[in-house]
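The lines below spell out each chain.
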Amino acid sequence: MGMDSQTKALIVGRLEQMVGPRAVLHRYEDLVAYECDGYTIHKGVPSIVVFPKSTQEVSDVVRLLHQNRIPYLPRGAGTGLSGGATALNGEVVISLVRMNKLLDVDYANRKAVVQPGFVNLKLSNSIASKGYYYAPDPSSQAACTIGGNVAENAGGAHCLKYGVTTNHVIGLELVLPDGEIVRIGGVPDAPGYDLLGFLTGSEGTMGIVTEITVRILRKPQGVLTVLALYDEVNDASQAVSDIISAGIVPAALEMMDRTAIEAVESGNYPVGYPSDLGAVLIVEVDGIAAGLQEQIERVMEVCRKHRVREVRQSRDPQERTRWWANRKTAFGAMGTISPDYMVQDGVIPRSKLPEVLARIGEVSSKYGLRIANVFHAGDGNLHPLILYNSMEDGEKERAVRAGSEVLKVCADVGGSITGEHGVGIEKMEDMRFIFTEEEMNAQMQVRDVFNPDNLCNPGKVFPKPARCVELKRSAPLIHSS
Amino acid sequence: MSDPSHGNLEKYLYPKSNYKWEDAPDPAKFSECVHCGMCLEACPTYQQTGLEAHSPRGRVYLIKSVAEGKLTLNDFFADPVNTCLDCRACETACPAGVQVGALVEEARGQLYKEDPPAGLRGVLHKIFLRGLFPYASRMRKLSLLTRWYQRSGVRFIARKTGLLRILPKHLQEMEQALPNLTTKPVLGRIHERLAPFGLKRAKVAMLTGCVMDAVFADINEATVNVLRHNGCEVWIPPSQSCCGALHVHAGDRDTAKQLAKQNIDTFLSDDIDAIIINAAGCGSTLKEYGELLKSDPEYADKAHLFAEKTVDVSSFLDRLGLIPPKGRLELTVTYHDACHLAHAQGIRVEPRRLLEAVPGVQLVPLPDSDRCCGSAGIYNLTHPEMAGELLDRKMNDIPDGCDAVVMGNPGCMMQFMVGVVRHNRNEQIMHTIQLLDLAYRGEETSTEAERAEHSKASRSQAS
Chain A
27 MGMDSQTKAL
37 IVGRLEQMVG
47 PRAVLHRYED
57 LVAYECDGYT
67 IHKGVPSIVV
77 FPKSTQEVSD
87 VVRLLHQNRI
97 PYLPRGAGTG
107 LSGGATALNG
117 EVVISLVRMN
127 KLLDVDYANR
137 KAVVQPGFVN
147 LKLSNSIASK
157 GYYYAPDPSS
167 QAACTIGGNV
177 AENAGGAHCL
187 KYGVTTNHVI
197 GLELVLPDGE
207 IVRIGGVPDA
217 PGYDLLGFLT
227 GSEGTMGIVT
237 EITVRILRKP
247 QGVLTVLALY
257 DEVNDASQAV
267 SDIISAGIVP
277 AALEMMDRTA
287 IEAVESGNYP
297 VGYPSDLGAV
307 LIVEVDGIAA
317 GLQEQIERVM
327 EVCRKHRVRE
337 VRQSRDPQER
347 TRWWANRKTA
357 FGAMGTISPD
367 YMVQDGVIPR
377 SKLPEVLARI
387 GEVSSKYGLR
397 IANVFHAGDG
407 NLHPLILYNS
417 MEDGEKERAV
427 RAGSEVLKVC
437 ADVGGSITGE
447 HGVGIEKMED
457 MRFIFTEEEM
467 NAQMQVRDVF
477 NPDNLCNPGK
487 VFPKPARCVE
497 LKRSAPLIHS
507 S
Chain B
2 MSDPSHGNLE
12 KYLYPKSNYK
22 WEDAPDPAKF
32 SECVHCGMCL
42 EACPTYQQTG
52 LEAHSPRGRV
62 YLIKSVAEGK
72 LTLNDFFADP
82 VNTCLDCRAC
92 ETACPAGVQV
102 GALVEEARGQ
112 LYKEDPPAGL
122 RGVLHKIFLR
132 GLFPYASRMR
142 KLSLLTRWYQ
152 RSGVRFIARK
162 TGLLRILPKH
172 LQEMEQALPN
182 LTTKPVLGRI
192 HERLAPFGLK
202 RAKVAMLTGC
212 VMDAVFADIN
222 EATVNVLRHN
232 GCEVWIPPSQ
242 SCCGALHVHA
252 GDRDTAKQLA
262 KQNIDTFLSD
272 DIDAIIINAA
282 GCGSTLKEYG
292 ELLKSDPEYA
302 DKAHLFAEKT
312 VDVSSFLDRL
322 GLIPPKGRLE
332 LTVTYHDACH
342 LAHAQGIRVE
352 PRRLLEAVPG
362 VQLVPLPDSD
372 RCCGSAGIYN
382 LTHPEMAGEL
392 LDRKMNDIPD
402 GCDAVVMGNP
412 GCMMQFMVGV
422 VRHNRNEQIM
432 HTIQLLDLAY
442 RGEETSTEAE
452 RAEHSKASRS
462 QAS
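If you're matching them up, the sequences are chains A and B in order. Going left to right, the first sequence walks through residues 27 to 507 as the numbering used here numbers them. Going left to right, the second sequence walks through residues 2 to 464 as the numbering used here numbers them.
If you are wondering where the hints come from, they were derived from the structure by calculation, not from laboratory data. Positions of the beta carbon are idealized from the N, C-alpha and C atoms, including for glycine. Any given hint might turn out to be false.
[Said to hold, decoys possible] Mimicking PhoX-like on lysine-lysine, the simulated pairs with C-alpha atoms at most 20 Å apart in a straight line are: (1) Lys65(B) with Lys422(A); (2) Lys422(A) with Lys69(A); (3) Lys65(B) with Lys69(A); (4) Lys422(A) with Lys434(A); (5) Lys69(A) with Lys490(A); (6) Lys434(A) with Lys378(A); (7) Lys127(B) with Lys71(B); (8) Lys69(A) with Lys71(B).
[Said to hold, decoys possible] Between beta-carbon pairs, the in silico distance windows are: (9) Pro47(A) with Gly163(B): 28 to 36 Å; (10) Pro360(B) with Lys245(A): 30 to 38 Å; (11) Glu299(B) with Glu42(A): 54 to 62 Å.
[Stated by the list, open to error] Away from chain A, derived, C-beta distances all over 10 Å, residues of chain B: (12) Phe129; (13) Lys142; (14) Pro298; (15) Arg320; (16) Glu357; (17) Met396.
Bound conformation, chain A alone (with noise of 0.2 Å):
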C-alpha cells in the first residue's frame, strides 16, 4: 500500500521545493484527520498531503506525481458523502483548500469565475448585495468547496426548479492527469461534444478542476415558504405527487420523516415541530412576485386535500431561515440520536414514493436498524440515513447491507442509486443495479482517455471486474482499522 519510505522521502523533498515546506504533510500524526471525508465507513490514511495554491503549482505536482507512477485524488472540503475524496490505498491527497479566491464577477454576462477551493456558500454572500446569487445549493453549502460541487455534480434543496451544478457551469480549467493544463467551455453552449457535462460529475477520475466558470442569477423578487404537518408519511408524499401534478414548480419542495424530525428536534437549530409527527412538507416558491401569493395558497390548498395537521406560510423571512438551518442541518443533527450513519442518494420516480417508504420500512424491520428519511422529494431524490453504532459488533456491516438493499429497491421502482452525492467508494458494488458490465466498460473506456494510466483517484465510481456483491459486504471488515 503506498509507496516505500525512501520513495516517499525522495516525493516530499520534490514537493516541499515545489510548494514549500508548509505546504506538505507527509508525517503519520498529521495525516490521521485526513483518513476519511464526510463518508465514514471505509477509511484510508494518505501518504501525503499537498497544498498547491495554483494552477501552475496543481500541475507541477500533478506531472511529479504522473512521472513517477504514484496514484493521488483531489480532495476539497471533505464533506462528500460517498468516500470520492478518501484515500482507500494510501493515495497522495492534492487539497484544494488554498485555492479559495473569487477570480472574477461579470455581471453583465452574469458569470462568476471561482478557484475550486471557494466555498460554495461565499459565492452567494459575495453577489448578494448586487441582488445576484449562485443556485446549486446542497445543505453543506456552508462548507463545501466549488471544485467539489463539479466533482459530484452536487446538487440541493433548490435544484428542483434551478438543476443541478451541471446546469450552471460554462466553463472549466483542468490539470489532466499527466500534468497538462486544458480549459474547456467558457461560452453556453460551446460547439463540439459536451466535455462540461461530461467532466461535471466525474467524481475526480478525469484530472483535477483548477478553476471553474459559472452562472450567477438575479435573486427572485419574492420567496413564500410554506410548512405543511401531517400524521401519516403516505399524506405527505401523495400531497408531494399532487402539487407537482398541479402544474406548479416549487422551488423546494422538501419532506422529512418522524425520525429525520426527531434528530433535527434534538439538534442545534430547533424548529419547534410535535414529536408524534408523521412526516413534515417544507414548500417553497420564488419568482415574480404578483401571482406568488396565489401559487403557494394552490400549494396550501393541496396539502389540505391530504389530511394536513397543519399548514402555515412563514411570517417573515428569519422564521423561513429557520426553517431551512433546521432543515439543512438534518444530517449533522443524526449525531444527537446515532452515533454513527450512512446517507443513501436514491433517487425514484415520485409516484413511487408510498411504496418505496413501505419497502424501506422493511428493510430497517429486518436489519434491525433505524431508517431516518430525509428528501428532496419534489426531484424524488431520496436520503434514507441508516442509523448505527460503529462500536457494536457487526452493525457497520449490517449498515451497509441495509443501505445496498435500499438502493435495490430505487433501482426496482425504476429509479437511480444516486441522486447528488456520487458514487465515490459506497456504491461503487451497486452500479451494478443500474449497468450491465459492458456498460460499465463502455465508461471506463471514456475514463482512460482522460486518464490512461488510472493514477487520478482510482478505485472509485467502479467496481472492480474481479468483486462481487459478495466480497463488497465483507470490505468493511477488511478496511476497518
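Use these hints to put chain B onto chain A, whose structure you have.
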C-alpha cells in the same frame, strides 16, 4: 496524583485509549460528531490554514483517535489541540451541538498532566496562571505597580531609551496599547454592599474578574453604577477568586477546580437573585462549573446551582428591563461579538438592544462580527502569529466612521487596543456597560443642567 479510575466509561468503550488521567475527553461528546464538516468554515484557525487538523471536525477526530489508541499524547497531538482558540464558533455551526470546546479543554487537561508546559508557555503559565490570577491581592499589586509604571515616568524612560525593544514585537505593542490605569481595582476598595439608586428590583452579587479588575477597574465601577441605576443592590464579596477560565483553557483543571470551589462557597453563602459577570470569558466558565466539577460528589450539585445563577450583565439588564438612560451620546458605534458571549453563551441581541436604548447612539453592523479577534485568553501571548492575522482581519472589517467599537470582554478589548495601535486607528474601544454608564452619567449632568436652567428661568420669572 489523580485517580485514573475516573472516566470509567471511556476506558470501558475504548480499551486501547491513551488517555491516562481523570476527566478524559468524554465519548458521549465525541461520538455525537458524525464528521459532516459543517463546522469547517466557522473555525478561524481552519480559515487561516485550511488544515483539517486545525478544524473542529479534525480536532474532534484526533481526540477520538487518541481514545482509539491510534495516536498518543505527544507534540503532534498537542499542536492541533493547543492552536484551538476555544472560541466555540464551531458549536454555533454544528448541527448536533457537539461540545467541541469542552472536548478540547479535556484533551488539554490530559496533555497538561502528561507533559506540563515548558519553555515560554511554561514560564507564562507559572507566572500568570499559578502565581498571579488565583491571588486577588497579587493582581491588585500588579495593577498598582502598572499604574506606578505608567505615571512615575518609568514608562517614559523605558520608551525613550528603547529598553522595551528587548521584548518581542507583539509584547511591545501590548505595552503601548495598555490603557492608562486611572482607576484602582474595585475588589476590596469600594464598599462591599451598595444600595440601589431608587426602588430595589433585585439583589445581585458581582464577580469582579482578574484582568477586568486589574486593567479595567473603571468598567467594574461602571457596572456597579449601571446596576444601581437599574434598582440593584450590589454585593461584591471580598473572598471571591479568579474564575479559572484561563486555567481550564490551558488544561490546568486542578487549579481551576480549587478556584471554582472557592467561588461556589463564597457566592452561595448569601441569598441572591443573580451572580453578575461582565467578562464574557469568565461568564462562560462560571456557567460551565457544572461540567468542570461533574465528578465531584460534594460540589457537583452546588456547581449547577451556581451556574444557573450566573448571568452576563448585558443579558441580566435586558431580562430585568433596562431603565433607559436619558443622557444623550452622539456616537456611531459598532459591536463586536466576543466568542464567549455569542458562541458560548448565545448572547447576541441583548447587548445590541442595550446600546440601541441609549439616546443618540447609532449602531452600525460589523461584518462577520462573531469571528474571533484572536485574543482568546492568553492565546495572543502563546500564538502571536495566528492571533495577529486574526486581529488584522478584524481591524479591516471595522466600518468607516465609527467612533467606538463596543464589546463585552476584557480580553477582546485589549486585543482591539493593540489593533488600534498597530493600524494607527482612532476608534475608542469600549465595554457595552461603559457606554451605558456614560449615558447615565450624562443624565445626571443633564438633569443638573436642567435643574440649573429651571432655577435660572424661575429666578428670571420672579424678577
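To see whether the hints hold, each was checked on the structure:
1. Lys65(B) with Lys422(A): With Cα atoms ~18 Å apart, lysine 65(B) and lysine 422(A) stay inside 20 Å; holds.
2. Lys422(A) with Lys69(A): holds (13 Å)
3. Lys65(B) with Lys69(A): Judged against 20 Å, a Cα distance of about 15 Å means the pair holds.
4. Lys422(A) with Lys434(A): Holds - the C-alpha atoms of lysine 434(A) and lysine 422(A) are around 19 Å apart, at most 20 Å.
5. Lys69(A) with Lys490(A): holds (18 Å)
6. Lys434(A) with Lys378(A): holds (14 Å)
7. Lys127(B) with Lys71(B): Measuring from Cα to Cα gives roughly 32 Å; hence the hint is violated.
8. Lys69(A) with Lys71(B): holds (13 Å)
9. Pro47(A) with Gly163(B): 28 to 36 Å: Given about 35 Å between the Cβ atoms, the range holds.
10. Pro360(B) with Lys245(A): 30 to 38 Å: Cβ of proline 360(B) to Cβ of lysine 245(A): about 36 Å, so the range 30 to 38 Å holds.
11. Glu299(B) with Glu42(A): 54 to 62 Å: holds (55 Å)
12. Phe129: At roughly 29 Å from the nearest Cβ of chain A, phenylalanine 129(B) sits farther out than 10 Å, so the non-interface label holds.
13. Lys142: holds (43 Å)
14. Pro298: holds (29 Å)
15. Arg320: Non-interface label stands for arginine 320(B): nearest chain A Cβ at 21 Å, farther than 10 Å.
16. Glu357: For glutamate 357(B), whose nearest Cβ neighbour in chain A is about 18 Å away, the distance exceeds 10 Å, so it holds.
17. Met396: holds (21 Å)
In summary, the one numbered hint that this structure violates is 7.
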